[in-house]
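**Student:** Chains as they are written, first to last, in my numbering: chain A, 1 to 385; chain B, 1 to 290; chain C, 1 to 359.
These are calculated hints, taken from the structure and not from any lab test. Beta carbons: idealized from backbone N, C-alpha and C, even for Gly. Careful: at least some of the hints might be erroneous.
Just so you have them, the derived chain A footprint on chain B, three or more residues with Cβ under 8 Å [said to hold, decoys possible]:
| hint | region |
| --- | --- |
| 1 | 29 to 40 |
| 2 | 136 to 143 |
| 3 | 225 to 235 |
| 4 | 256 to 269 |
Okay, derived cross-link-like pairs now, DSSO-like style, lysine-lysine, Cα gap no bigger than 27 Å in a straight line [unchecked claim]:
| hint | chain 1 | residue 1 | chain 2 | residue 2 |
| --- | --- | --- | --- | --- |
| 5 | A | K31 | A | K381 |
| 6 | C | K115 | B | K119 |
| 7 | A | K154 | A | K345 |
| 8 | B | K166 | A | K301 |
| 9 | B | K238 | A | K54 |
| 10 | A | K363 | A | K83 |
| 11 | A | K381 | B | K119 |
| 12 | B | K119 | A | K378 |
| 13 | A | K331 | A | K301 |
| 14 | B | K166 | A | K205 |
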Amino acid sequence: MKTLIKSTGFALAAAAALGLSGTAGASEAIKIGVTQPLTGPVAASGNYVVQGAKIAESFLNESGGILGHKVELIVEDNKSNPKEAVATAEKLIVRDKVPVLMGAWSSTYTLAVMPKLIEYGVPMVVETSSSGKITTSGNPWIFRISPTSAMEAKSFGTKVDQFGIKKADFLVVNNDWGRGAASAFSAMLKSKGISVGVVETMDAKAQDLSAQLAKIKASGGDTLFVTTGVEQITLVLKQAKEQRVTHRVITTGGSSSPDQLIAQAGAAAEGSYHLLFFAPWFPEAAPNPDVAKKFVDEWNKRGHNFAGLTEGFRGHDGIMTIAAGIEAAGKAEPDAIRQALWGVKVDGVNGDISFIKQGPAGKESGQNVPNVYIVTIKDGKVALP
Amino acid sequence: MDRFLQHLLNALMLGGTYALLGIGLTMIFGIMRVVNFTHGELYTFGAYMVFFFAMTLSTNFFLALVFAMVLGVALGAAIEFVLLRPLRGASIDTTMLIMIGAWIALQNSEQLVWTGVAKSVIHPFPAEPVVLGPLSVSWIRIFVFCVAILLIVGAHLLIHRTRLGKAMRSTFQDRETAALMGVNINAIQTATFALGSGLAAAAGALLGPVFVLVPSMGDMAALKSFAIVILGGLGSFKGATLGGFMLALVEEMGAGYISSGYRDAMGFLIIIVVLIFRPTGLFARAERIG
Amino acid sequence: MNRWATWLWLAFLFSIPVWMTNQYYLYILINAGIFIIAAMSLNLLLGYTGQLSLGHVAFFGIGAYASALVSLGFDLEITDSYTFVFAPRPVWVGLLAGILVAGFFGWLVGRISFKIRGAYFVIVTISFAEVVRLVALNWIDLTEGPMALNNIPPLTLGIPGLWELTFWRKVPNYYLVLVTCILSYVVIARLVRSRLGRAMIALRENEPLAASVGIDVTRSLVLAAVVSAAMAGAAGGLYTHTIRIIDPDVFLFIYTVTMVIMVITGGKGTLAGPIVGGLIFGILPEVLREVASPEVQWVMYGLIMIAIVFFLPDGIVPALASWWRDRFGAGGGGAESQSEPGPGPEASGTVTDTMGERA
Chain A
1 MKTLIKSTGF ALAAAAALGL SGTAGASEAI KIGVTQPLTG PVAASGNYVV
51 QGAKIAESFL NESGGILGHK VELIVEDNKS NPKEAVATAE KLIVRDKVPV
101 LMGAWSSTYT LAVMPKLIEY GVPMVVETSS SGKITTSGNP WIFRISPTSA
151 MEAKSFGTKV DQFGIKKADF LVVNNDWGRG AASAFSAMLK SKGISVGVVE
201 TMDAKAQDLS AQLAKIKASG GDTLFVTTGV EQITLVLKQA KEQRVTHRVI
251 TTGGSSSPDQ LIAQAGAAAE GSYHLLFFAP WFPEAAPNPD VAKKFVDEWN
301 KRGHNFAGLT EGFRGHDGIM TIAAGIEAAG KAEPDAIRQA LWGVKVDGVN
351 GDISFIKQGP AGKESGQNVP NVYIVTIKDG KVALP
Chain B
1 MDRFLQHLLN ALMLGGTYAL LGIGLTMIFG IMRVVNFTHG ELYTFGAYMV
51 FFFAMTLSTN FFLALVFAMV LGVALGAAIE FVLLRPLRGA SIDTTMLIMI
101 GAWIALQNSE QLVWTGVAKS VIHPFPAEPV VLGPLSVSWI RIFVFCVAIL
151 LIVGAHLLIH RTRLGKAMRS TFQDRETAAL MGVNINAIQT ATFALGSGLA
201 AAAGALLGPV FVLVPSMGDM AALKSFAIVI LGGLGSFKGA TLGGFMLALV
251 EEMGAGYISS GYRDAMGFLI IIVVLIFRPT GLFARAERIG
Chain C
1 MNRWATWLWL AFLFSIPVWM TNQYYLYILI NAGIFIIAAM SLNLLLGYTG
51 QLSLGHVAFF GIGAYASALV SLGFDLEITD SYTFVFAPRP VWVGLLAGIL
101 VAGFFGWLVG RISFKIRGAY FVIVTISFAE VVRLVALNWI DLTEGPMALN
151 NIPPLTLGIP GLWELTFWRK VPNYYLVLVT CILSYVVIAR LVRSRLGRAM
201 IALRENEPLA ASVGIDVTRS LVLAAVVSAA MAGAAGGLYT HTIRIIDPDV
251 FLFIYTVTMV IMVITGGKGT LAGPIVGGLI FGILPEVLRE VASPEVQWVM
301 YGLIMIAIVF FLPDGIVPAL ASWWRDRFGA GGGGAESQSE PGPGPEASGT
351 VTDTMGERA
């Protein structure tokens, strides 16, 4: 009883205090809302994105902010859950009155937020999500800098000949991302005359993948495409070795974090290939080497996990894109930013960012065409193939 | 055919740890009438303790396993002492709610301490698998299987050949009479919960190095333990052992030959079917705890 | 006096959107309201029949999916040559369908699982919810699986050509949820005072005795399960049309746990309990969002849950009611209706008394 009264009293007091602080000092800084999964199953990635976004915030403020105002990120945790993603959007737009958002990592969370963007008329830069639906469903407030699975597959398609694949199998996480990648890549491979064997799925939390791997081994392909988070890729590599699955492993989706694989899967990671959207080992090979180098240096200076760079750069590029949009709009107002984003050209860590139109005419969404890199693990080190 | 045998071998290897999980849970239910929702968290705890000793403190891997199991027993005893002892005699629903609360608090504490980034334990076994004709299995899995079997046999002997085990069995059969005969019910219950928790922690400690460690890893383990225990009949030692191997087999074959998406559904589907036709589980009856 | 208090509360609740200009708070109330309906439906099983169903989220999710699918329409390939095409229907048809489908599953689960009791029942209900989740995840032709059903239309009401209202914004949605809440409350209040309600409570108190005086145990329980599931389905339908996306995560065990915490904290087996618990746990996460990281929040929920079971085993509402009685003499009913928003003071009074006897 006592505890309860105490905690409700505490909650009310906290609410009152926050209500006051929320209104004060709002006129000065330009606020940018960020919704990312900071807890829950995909928390690691969301935290990396936020670390990258914070670096962009410091860069912007060091060089005088935007339009003479300081930039302030308001970061909310969507708890790896679509319902919470909506809650964060409501909170950021309605309560904090941010003119623009960045988010929401997974396609499911982004899709959940999208009706809110139309309802309140606020643009959002999407930094990670890969589902095609996001830019084709007719939401004019969406600007995506990350590639769709189809774009990633197409980009890989230009290099597929050097791998000499005869028959490919798939092992993907059972969500929009994994399934989307499997269908995009198998369509691309089939168009090149490469046959596709089995497509196996795994629950995002599954740890024992031996059944799937036994099936893949029996399928007799030469290459295994894997799309999932780095934890599960570690498991796939280790267990594939145990079961003597001889496929060449290629991971897609850009979340594979090869350093973590080397550390955790050891010898089992040897010889695997990884599609990435940033290769922090070789910033000089990026299209904008200065930007990439500056970002990597700052990341290391702050003592962030090096393995997180392949995710963290998304946060940096997203915030920089938004900043360019506000700068071009000349004011921090949602509709002005939306219109201005169509014209931005940003030197991002991934490459040059600009938007092409996608989706039904009249309500197109913006889509960037990002760069895709392939790296391999050789002698316990990351190398270019 | 080769593939079938490989599936069979995989199921056997996994079944050992499943059985371990199931036995821990079924003992606690049988003797204490408590549905232990913290079981999965003890599993997680065991895994993270191995990580802590073997990786953070660089203790010897095998020593780290022993420490993890001992600490699992200690944590189990602590939970019993703090949360369950004051509620002796409360209804099964009340204790269940307490255990759900403890489960939520424990899991999120683990997340606070270890963060969401997956951890991996490096083990001293060779990465190259053992190859038996068309089949292959890794050394670490063989090791895990052997230790699991040893622990199962150990728990069996403890229950059947020791004074403590005798007291446990009599408490299970008739608590009041056992108390009248001078059995210290409180001590027995703490011992039971500690032992059951220790087995869960052992399963986590053994499987941690095989897999990767994430704070939510216990949820799956808990759900599977429930499935195993229901399959075998609540409170049945033999049932839980067989249930563990059966669940592993059904999952492996289901994923291999039906659909990998429904792998985790297999256990629950069996539960529902079993309970429709045999509401007390497959192996329940006189065999419970013993 | 009691009637007065009830009408006052209702007037207060209906006036909120008029003076509450911050839409964010309305959003929180809408969400809390949806979960209050779900918690009330769970209370019917958990509180009145004494059956701890830990798969309740299954009905919530089934209602949500059914309503979304009916309003979006779907194609199902039955054989290669025949595809079943279901054209989109208006949202209110979807909501009704959600209620019916959830109710049907309530009947089915009730038929199967009320043969068993205690721990077996609990685990069967958990298993059922897990199976439903995995079906939603893997039956991609119907549910889009993990890709989620999105662009679910909001509710539209009106007379064709003359007048139309789309529930886009907060205010109409608030009233929609409020009215559904009140309807659910009235249904439950009437139900527990009916013959069936008395049978349910008798079952909870002493099943063999109830059976011996001629109460059809299974039939009563199954009926309670149907009503409870249908109501949870209604909550799911409201959820899906306000949040406008649904994915298999809606079936996660944690939502059942949230509902259970709401019921237990407020007071199981009381009419007002789920409302009080629902308000606390609907609003608390939004308040804590600022001061504590989500892990800390969840640790706190876990500890609060333990503390409630230890120190207030009957929940807040019965504790307040008995405190009120001790202090101001008889009239526990009055205490109830003032301690929480909700109509039906007489009902609350009787039920609180039953709770008292129980303890």
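**Student:** Under 8 Å between beta-carbons, do enough residues of the region 136 to 143 of chain B, three at least, approach chain A for the coverage claim to hold?
**Tutor:** Three-residue rule met by the region 136 to 143 of chain B, so holds; n is 4.
**Student:** Between the alpha carbons of K166(B) and K301(A), is the straight-line distance 27 Å or under?
**Tutor:** violated, 62 Å
**Student:** Three residues minimum, CB to CB under 8 Å: does the region 29 to 40 of chain B make the cut for coverage by chain A? Let me know.
**Tutor:** Violated, because only 0 residues of the region 29 to 40 of chain B bring their Cβ atoms closer than 8 Å to Cβ atoms of chain A.
**Student:** Taken at face value, is the distance from the CA of K381(A) to the CA of K31(A) at most 27 Å?
**Tutor:** With Cα atoms ~40 Å apart, K31(A) and K381(A) exceed 27 Å; violated.
**Student:** Is the Cα-Cα distance between K115(C) and K119(B) 27 Å or less?
**Tutor:** violated, 44 Å
**Student:** Taking only the CA atoms, is the gap from K238(B) to K54(A) under or equal to 27 Å?
**Tutor:** Violated, because 56 Å separates the two Cα atoms, which is more than 27 Å.
**Student:** Are K166(B) and K205(A) close enough, with their CA atoms no more than 27 Å apart?
**Tutor:** Violated, because 40 Å separates the two Cα atoms, which is more than 27 Å.
**Student:** Against the 27 Å threshold, does the CA-CA distance of K381(A) and K119(B) hold or violate the hint?
**Tutor:** holds, 20 Å
**Student:** Tell me whether the statement that chain A covers the region 256 to 269 of chain B is true, taking a Cβ distance below 8 Å and needing three residues at minimum.
**Tutor:** holds (count 5)
**Student:** When you check the alpha-carbon spacing of K363(A) and K83(A), does it fall within 27 Å?
**Tutor:** Roughly 25 Å between the alpha carbons, so the hint for K363(A) and K83(A) holds.
**Student:** Regarding the pair K119(B) and K378(A), is the alpha-carbon distance no greater than 27 Å?
**Tutor:** Since the Cα atoms of K119(B) and K378(A) sit roughly 23 Å apart, the hinted pair holds (cutoff 27 Å).
**Student:** Count residues of the region 225 to 235 of chain B with a Cβ under 8 Å from any Cβ of chain A, then say if the count reaches three.
**Tutor:** violated (count 0)
Violated hints for the displayed structure, listed by number in ascending order: 1, 3, 5, 6, 8, 9, 13 and 14.
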